[in-house]
Amino acid sequence: MQFYASPEQVQRDRSEYARKGIARGRSAVVLTYEGGILLVAENITTLRKISEIYDKIGFAAVGRYNEFESLRRAGVRMADLNGYSYDRRDVTGRGLANAFTQTLGAIFSETQKPYEVEVCIAQVGASPEADELYRITYDGSVMDEPGFMAMGGQAEAISGVLRDEHDTAADLQTALVLAAKALGSVGGENGQTRTLAAKQLEVAVLDRRRKGRTFRRITGDTLTTLLGHGAVPESELGETDAAPPNPAEDKPTVSAAPVADAGKIPDDPAEPADDTNGDGS
Amino acid sequence: MAKDFDPSGRLPDIYTNAGTSSFTQFLTHAAPEMLPGRRPLPPGLAGDMAPHGTTIVAITTAEGVVMAGDRRATMGNLIASRDIEKVHPADAYSLIGIAGTAGIGIELMRLFQVELEHYEKIEGIMLSLDGKANRLAGMVRGNLGAAMQGLAVVPLFAGYDLSPADGAKAGRIFSFDVAGGLYEETGYDSIGSGSLFAKSALKKKYRTGVSTTDAIRLAVEALYDAADDDTATGGPDVTRKIYPVVMTATAQGTHRLSEEEISAVAEQVVAGRMENPGG
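Quick mapping for you: the protein sequence lines, in order, are chains A and B.
Following this note's numbering, the numbering of the first sequence begins with 1 at its first residue and continues without gaps.
Following this note's numbering, the numbering of the second sequence begins with 1 at its first residue and continues without gaps.
Incorrect hints may have been included.
Said to hold, decoys possible - Below, simulated DMTMM-like cross-link-like pairs (lysine to aspartate or glutamate); rule was C-alpha separation at most 25 Å, straight line: (1) Lys211(A) - Glu85(B); (2) Lys169(B) - Asp214(B); (3) Lys203(B) - Asp230(B); (4) Lys211(A) - Glu123(B); (5) Lys211(A) - Glu260(B); (6) Lys169(B) - Glu184(B); (7) Lys113(A) - Asp13(B); (8) Lys199(B) - Glu123(B); (9) Lys211(A) - Glu259(B); (10) Lys211(A) - Glu107(B); (11) Lys199(A) - Glu123(B); (12) Lys199(B) - Asp229(B); (13) Lys211(A) - Asp83(B); (14) Lys199(B) - Asp214(B).
Because the hints were derived from the structure by calculation, they are not lab data.
With the sequences and hints as input, model every part of the structure.
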């Protein structure tokens, strides 16, 4: 009986396993726009795929929830530790991307089962050109993807839509509508496109105009309005997402939790929490 | 920084495990040397070696809370700093003021700010106001050893409660003792060397449901009274344009009064005292 498997075969098997796991889940896109970086994931659960890591750094992931959640925690812990021991300005997206790529690479080559995740570290800059997007995949490879990126099962098709229409000078609404269109361009019956409603999307931005913590979630009515078909000037939407106000000048500590959600139980606890099952969604 | 890095380059398990949502808990494993209260101190009193921060007042208002602190730090009979800032936002809805050994106080405050933010990021939700106060009490307790050698630090914590049991009491104040005792105060409180005088002033002037604007004036008046009778508390310094730090926490979040706003109030207070030094 033959017990030998060549390293190439082993790597190929693991890659295939990880790719299949990732492909089962719903996708996420991250793109820069004029006012910051927009992170959108297709997600009907209350479990988060998108999260804040630090002042200018956001996180988005697809794949197995328990695996990217542990990476997310590691990212928050690492960023807070660095920011506490040095200064808030010394926490960079590249540093986090390096730690993630090392970790995922080691897990891929040393353990039986690779992580079935794909992760984006986004760092917002002073202008769209200064934004940094890193894609880190299950095997630890890292790619710097300027402008936009799509992750998940049919990332290629979604990227195609983004590539055609992405514009770094677009406003938030245009960018969000594009993101929703890109995510809806796959997964319909018989190759049809889908129209995604607000409750199917998890949306957050890294707002380059905010001081201190730039991450804020866009939820509820604001999201519906932005996705809707009427044009709404961004200025009118302002703080309507109930994000806390800007902190005092040069005092970076401000919360990013939406007020309305603080201490509130999710609307519909009976909603299927499909992300928890590790089914790759 | 973090001990026992995995030779494979993986982040150590302490980073990735489900573990705790507390940053200080994480530090005790990842970098214990960075925690205050973990450093061995040589025996003896060290109280006069480091600058001390002084008076902080906090007042509950109809809209939330106001907290104000003078700008002086002293070292024995010397003024160590004329413009130290001792009132800071702890997070988006709460404020922390520190009195006592300035270095330890600032470290405690920074750690507390990270602690709250860390919890919020890990859990996706803010701690309750009581949770924040309890956490701070634990951190003060950790400094008891140093406090017994003269390096005491006592914070004052106040904030806007987003889900209060009683809607009328959204602005709340918590005080602490060096042993980590936590006490919720009604109406107003003050800490630091001038607190006796500041509290006496507030006792006469404070009324329940005072507006934020009036409370700001009351706070600056109270600090003036503290500076009047306590050498370690600094009054409004009109020649150098150094005025108390005044912050509010309301449903709109924390806000620090701008230089213009506070100088207007401070100048009114000083002008009032020109007529009647007792206020």
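Cross-check of the supplied hints:
1. Lys211(A) - Glu85(B): Within the cut-off at roughly 20 Å; holds.
2. Lys169(B) - Asp214(B): With a Cα-Cα distance of about 18 Å, the restraint between Lys169(B) and Asp214(B) holds, given a limit of 25 Å.
3. Lys203(B) - Asp230(B): holds, 18 Å
4. Lys211(A) - Glu123(B): OK: Lys211(A) and Glu123(B) at ~23 Å, within 25 Å.
5. Lys211(A) - Glu260(B): holds, 21 Å
6. Lys169(B) - Glu184(B): The given pair, whose Cα atoms are some 12 Å apart, holds under the 25 Å limit.
7. Lys113(A) - Asp13(B): holds, 17 Å
8. Lys199(B) - Glu123(B): violated, 38 Å
9. Lys211(A) - Glu259(B): holds, 19 Å
10. Lys211(A) - Glu107(B): Holds, at roughly 23 Å.
11. Lys199(A) - Glu123(B): holds, 21 Å
12. Lys199(B) - Asp229(B): Judged against 25 Å, a Cα distance of about 12 Å means the pair holds.
13. Lys211(A) - Asp83(B): holds, 24 Å
14. Lys199(B) - Asp214(B): holds, 16 Å
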